[in-house]
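K.L.:
Sequence:
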Amino acid sequence: MHDVLQQVLGWGGQLGYAFRIHGQEFNSFRRRSRSKPLRAFRLHRQEKFLYRYDFLDLWEWDLRVLDIQEGVAEDPEPLGLGDRGAPPPEGCGGRRGYRLMLKRRQQGAAVNDPALVEATIQLLVATHPDQPASTWDLLRDAVGKGWQSVDRRLEQHGPLQPGRFSLQEANERLAMLARRGRSRL
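Residue 82 in numbering that gives the first Met the number 0 is what sits at position 83 of the sequence shown, and the numbering runs on without skipping anything.
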């Protein structure tokens, strides 16, 4: 199932993952868990389960079984039926990192206006006069490095297109996965 989800997202899938199904966790760190197909859990229609990927960025999806159909031996490929927009790029810093990338793309340099950052820090200085000056220098440095990191990720991943998703491309990736024999659900 992990491989199928990664192909739909267009991600590499090289990082750790876990599923939480029926109150039990099955993860990539246990060999026994990795080979268990989704159908082995005997999920019912409308039942939910949790999928986590990349424990540093901590991507989480609540997945719901919409329908269950008997498989046909001649048609082993998983198939995407619809979409709701593009997934974020892998390695973008998780949900928060992706939101910051979108904000930077939309607002440009204004999102990190040095005068606004300094005014905010001066408000903090006034409300916390007992803090040493090094605290505020550290904060300035962290904010600056944080936005540099966002800029690097934007450069690395190219233009973001949150509204673009190609169901055809996702299904082509799923078909390749099936040809490699790794599409068991």
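Keep in mind that the hints were calculated from the coordinates and are not lab data. Treat the hints with care, since some could be wrong.
[Claimed, not checked] Taking lysine to aspartate or glutamate pairs in the EDC-like style, the calculated list, with each CA pair at most 20 Å apart, reads:
id: 1; residue 1: Lys35; residue 2: Glu76
id: 2; residue 1: Lys102; residue 2: Glu89
id: 3; residue 1: Lys47; residue 2: Asp82
id: 4; residue 1: Lys144; residue 2: Glu154
id: 5; residue 1: Lys47; residue 2: Glu24
id: 6; residue 1: Lys102; residue 2: Asp150
id: 7; residue 1: Lys47; residue 2: Asp61
id: 8; residue 1: Lys144; residue 2: Asp112
id: 9; residue 1: Lys47; residue 2: Asp66
id: 10; residue 1: Lys35; residue 2: Glu89
id: 11; residue 1: Lys35; residue 2: Asp56
id: 12; residue 1: Lys144; residue 2: Asp129
id: 13; residue 1: Lys102; residue 2: Glu154
id: 14; residue 1: Lys102; residue 2: Asp66
id: 15; residue 1: Lys144; residue 2: Asp56
id: 16; residue 1: Lys144; residue 2: Glu168
id: 17; residue 1: Lys47; residue 2: Glu59
id: 18; residue 1: Lys35; residue 2: Asp61
id: 19; residue 1: Lys47; residue 2: Asp2
id: 20; residue 1: Lys35; residue 2: Glu46
id: 21; residue 1: Lys35; residue 2: Glu24
K.L.:
Please go over all the hints and tell whether each is borne out by the structure.
P.N.:
Hints, verified against the model:
For the hint linking Lys35 to Glu76, the alpha-carbon distance of about 17 Å falls within 20 Å, and the restraint holds. Among the hinted pairs, Lys102 with Glu89 is consistent with the structure: their alpha-carbon atoms are about 17 Å apart, no more than 20 Å. Distance hint between Lys47 and Asp82 is fulfilled; the C-alpha atoms sit about 18 Å from each other, no more than 20 Å. Under the criterion of a C-alpha separation no larger than 20 Å, the hint pairing Lys144 with Glu154 is consistent with the structure, at around 15 Å.
Proposed proximity of Lys47 and Glu24 is supported: the alpha carbons are some 14 Å apart, at most 20 Å. About 11 Å separates the Cα atoms of Lys102 and Asp150, which keeps this hinted pair within 20 Å; it holds. Annotation: proposed proximity of Lys47 to Asp61 holds, straight-line Cα distance about 7 Å (limit 20 Å). For the given pair, Lys144 sits about 14 Å from Asp112 by alpha-carbon distance, which is consistent with the 20 Å threshold.
With a CA separation close to 12 Å, the supplied pair Lys47 and Asp66 stays within the 20 Å bound. A hinted pair counts as satisfied when its Cα atoms are at most 20 Å apart, and Lys35 with Glu89 does not qualify at roughly 25 Å. Proposed proximity of Lys35 and Asp56 is contradicted: the alpha carbons are some 25 Å apart, above 20 Å. Restraint check for Lys144 and Asp129: the C-alpha separation of about 25 Å exceeds 20 Å, so the hint is violated.
Distance check on the hinted pair: Lys102 and Glu154 sit about 14 Å apart at the alpha-carbon level, within 20 Å; holds. For the proposed pair Lys102 and Asp66, the alpha carbon gap of about 36 Å is over 20 Å, so the pair is violated. Taken as a hint, the Lys144 and Asp56 pair is honoured in the structure, with Cα atoms around 18 Å apart against an allowance of 20 Å. About 35 Å separates the Cα atoms of Lys144 and Glu168, which puts this hinted pair outside 20 Å; it is violated.
At roughly 13 Å between alpha-carbon atoms, Lys47 and Glu59 fall within 20 Å of each other, so this suggested pair holds. Restraint check: the Cα-Cα separation between Lys35 and Asp61 comes to about 19 Å, which is no more than 20 Å; the hinted pair holds. Distance hint between Lys47 and Asp2 is fulfilled; the C-alpha atoms sit about 19 Å from each other, no more than 20 Å. A hinted pair counts as satisfied when its Cα atoms are at most 20 Å apart, and Lys35 with Glu46 qualifies at roughly 18 Å.
Distance hint between Lys35 and Glu24 is fulfilled; the C-alpha atoms sit about 12 Å from each other, no more than 20 Å.
Going down the numbered hints, you'll see the structure goes against 10, 11, 12, 14, 16, while the others check out.
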